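K.L.:
Chain by chain, the residues:
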Amino acid sequence: MFYREAGQFKTSYKADQAIFTITQDKFFVGAFLIIAFGVVPFFIDDYWANAILIHVLVYALAGLGLNILTGYCGQVSLGTGGFMAVGAYASYKLTTSFPELNFIIVLLLSGGVTACVGMFFGLPSLRIKGFYLAVATLAAQFFLVWLFNKVGWFFNYSPTGMIVSPPREVFGFLITGPEASPAVRYLFCLSVVTVFALAAKNIVRGRIGRSWMAIRDMDIAAELIGIRPLEAKLSAFAVSSFYVGVAGALYFNVWLGTAEPTEAFDIFQSFFVLFIVIIGGLGSILGSFLGAAFMVLVPITLKTIMVDGMGFAVGAAKHVEVMLLGSLIIFFLIVEPHGLARLWQILKEKLRRWPFPY
Amino acid sequence: MTYERTIGDTILAVDQISLSFGGVKALSDISFSVREHEVFAIIGPNGAGKSSMLNCINGFYHPQEGTITFKGKTRRQVRPSEAARDGIARTFQNIALFSGMSTLDNIMTGRNTKMNKGLFWQAIRVGPAEKEEMAHRAVVEKVIDFLEIEAIRKTAVGTLPYGLQKRVELGRALAAEPDLLLLDEPMAGMNLEEKQDMCRFILDVNDEFGTTIVLIEHDMGVVMDISDRVVVLDYGKKLAEGTPDEVRTNQDVIDAYLGVSHGEDE
Ligand SMILES: Nc1ncnc2c1ncn2[C@@H]1O[C@H](COP(=O)(O)OP(=O)(O)OP(=O)(O)O)[C@@H](O)[C@H]1O
Ligand SMILES: [Mg+2]
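If you read the protein sequences in the order shown, they are chains X and B. Throughout the first sequence, residue numbering follows this note's numbering, covering 1161 to 1518 in sequence. Throughout the second sequence, residue numbering follows this note's numbering, covering 84 to 349 in sequence.
The set of hints was computed from the structure by calculation and includes no laboratory data. Hints are not guaranteed to be accurate.
Stated by the list, open to error - Which residues of chain B face chain X? A few of them, derived with a C-beta cut under 10 Å, are:
1) 162
2) 163
3) 166
4) 179
5) 181
6) 194
7) 196
8) 200
9) 205
10) 206
11) 208
12) 212
13) 213
14) 216
15) 221
Bear in mind that the values here come from a model prediction, so they are computed numbers and not experimental data. Note that CB positions come from ideal geometry on N, CA and C, so glycine has one too.
Model the full assembly from the supplied sequences, consistent with the hints where possible.
P.N.:
Listed below in structure tokens is the structure:
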């Protein structure tokens, strides 16, 4: 009834191409942002920050990165964990070598380093597709983790092989290290992710995004209308890896605080982010957020209900979780490749037509 | 058909092109030339090598022998993306649209090569990138108006009926404002009304924008109506070249193509 576009006419191409064309959408998103930025920080505690909010934000950013590559450009990658490690280690080396360097610059540079590494490992995509490309990126995953384990220079020769994020400030607020307050860390992540999500949305609806989607939908036709496959694929690898690298840097510095490559960045990270993208929706910015929230909240909810509420063993909840995620992934892959984002869209569509069936 | 057009100099010269796939000779020693602003038809039975010819022209196939001269530049092998940037656009025998994108986005991709704002500006969007986007959107809207597909602007192309998909594909090619437009059976599988629409669009494009058109078509009526000159291929060889009337009365053509045929006239 209230969710209508009736009476809202677009008078320019610009208005027609705005991100949210329906006033109610704008209102909804505005309210959401006001709550996220203005209300949540006052109530946040360590548990909420670490277990849920920062967790979701960091993975949403990694999901955005992988979605750019896989959802928009159609190139599969199983190297996300390895690329997150590149971002994390780049930020560690940068911030320990140049302690005075502003942490935002550190983040961006880490993303830049990861973009270069990603482009390098993206080179095979010019020759191979699908399954074979997945295997090639898998090799990147194992190689990178091995590298960060083996070469002492990367972890400053610390005897444990661990890297520890030193305390760093942004605009006078401490954002890393054990002393940093949950509200500040949350707000920092939220700001970074919001800016990056907006940038991603802008890129995918412009020239570069269209060239990615063209390559994804039919690479031969894309080439025949003048899109250079090399340029399109490598730019997708670069932008995607940039996002994943920044996510890795946030993951290590702001969320974990300490990291050790074999555990923090293993192949399960790659799969976790891939599941976020599949469940959230391939080729959807919103989907990356929905998928991340879903993947983070399902285990927590299951544990709360089954273990704390009904007295099951922790292992049982874990089994249910694996079965549930497994079947959902099969469901989404077969029935709804556009994931939760699409279901949300269908719901909105229904709402718009309500009370008429169609 | 009384169209006032001035046929210009040669824009495309195909010189002794030979192409084979393993043992199959798809094209042998084909030469012809197309003049500026002309509507040029390639006809011939199934498997004659018509599509292969177009594929050589825009760099999708690389002929083993011969050269192609386009706008004064001679080359044998060219990358398809570079041919497109040189001003050659085309549509396909089997529709090759980007199925996950809307009509508008599909046609906008036709303008990709004409846009140049980099990643940084794209990410920020407000400012130069948006200005560029709007300027090109305006051109695309003209194409949309021209093809009378306003109503399906935001529809995902995968859900459109066949005839409309063909039209969107033409739109994508037109959006590139090509000098040479290659159309591979633009009317195949269409009903009479759709065919008439398509004929009208092709002639209008040629007339209003002066675009040179090379088309493959099986419907002889259409070919005779709209083309200035025709080349006939059969089994990869050139049988004849000339005006529709000359070709129609050519005995070789009648034997091979219209008479005892080994292919089907669709
Ligand atoms: N990619 C390819 N690989 C192998 N053979 C090919 C290839 N493309 C075309 N051919 C062969 O070349 C010959 C000419 O094919 P082409 O598609 O050019 O014919 P056509 O005149 O367009 O026919 P139609 O009217 O059926 O579209 C055929 O014998 C075909 O089998
Ligand atoms: Mg053909």
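K.L.:
What hints, given by number in increasing order, does this structure fail?
P.N.:
none
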